[in-house]
Amino acid sequence: MTEEKIKRMLDACFLAKRIRDFLPELPDGVKPAYIQYMDTIHKLQGNGVQRVKISDISDSLAIPRPGVTRTVKEMEERCYLKKISSDEDARITYIEITVKGEELSEKYDKNYYSRLCRYLDGISEEEADSMINTIEKFYKVMSERRVDIE
Numbered sequence: 001m002t003e004e005k006i007k008r009m010l011d012a013c014f015l016a017k018r019i020r021d022f023l024p025e026l027p028d029g030v031k032p033a034y035i036q037y038m039d040t041i042h043k044l045q046g047n048g049v050q051r052v053k054i055s056d057i058s059d060s061l062a063i064p065r066p067g068v069t070r071t072v073k074e075m076e077e078r079c080y081l082k083k084i085s086s087d088e089d090a091r092i093t094y095i096e097i098t099v100k101g102e103e104l105s106e107k108y109d110k111n112y113y114s115r116l117c118r119y120l121d122g123i124s125e126e127e128a129d130s131m132i133n134t135i136e137k138f139y140k141v142m143s144e145r146r147v148d149i150e
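Sequential numbering from 1 applies to the sequence shown in UniProt numbering.
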């Protein structure tokens, strides 16, 4: 791959990050990560994970556990999530979305993305899959190798 192509890939990633600025404004104190975490919990549950743990969110998002723990704590303080201790093993804590969290998720995730579908009909499923796979692969390579530029 040429240096110019690498620069264009990085520029495209920057543009992708800027696209998030077009999302609806969140209420005061709500971070975009809150929506992402609730979406991840829904996906995990949809994939058969009955009781979601912090480690499940961490693994799914490829984010270190301490960061996930911190965000989950913030969300719990704002009543978007609640923690439930396991009856079998007190060391295990499960995460559930509260009614308040579900309302936030519904408004800023499910409703918004379903409305966005009609504007993106010019992008095929194959193009979207290719973009997703390429960005995920690029992220994995960069995060695993931590390229030394000195």
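Read the hints as simulated data drawn from the structure, not as lab findings. Note that the Cβ used here is the ideal one computed from N, Cα and C, for glycine as well. The reader is advised that the hints may include incorrect statements.
Stated by the list, open to error - Calculated cross-link-like contacts (lysine to aspartate or glutamate; reagent style EDC-like; alpha-carbon spacing at most 20 Å):
1) K100 <-> D39
2) K43 <-> E102
3) K137 <-> E126
As the list claims (entries may be wrong) - Label pairs and their calculated CB-CB ranges:
4) K7 <-> E144: 14 to 24 Å
5) G46 <-> T98: 15 to 25 Å
6) E127 <-> R20: 12 to 22 Å
Q | Earlier hints that do not hold, by number | A | Nothing - there is no hint that the structure violates, so all of them hold.
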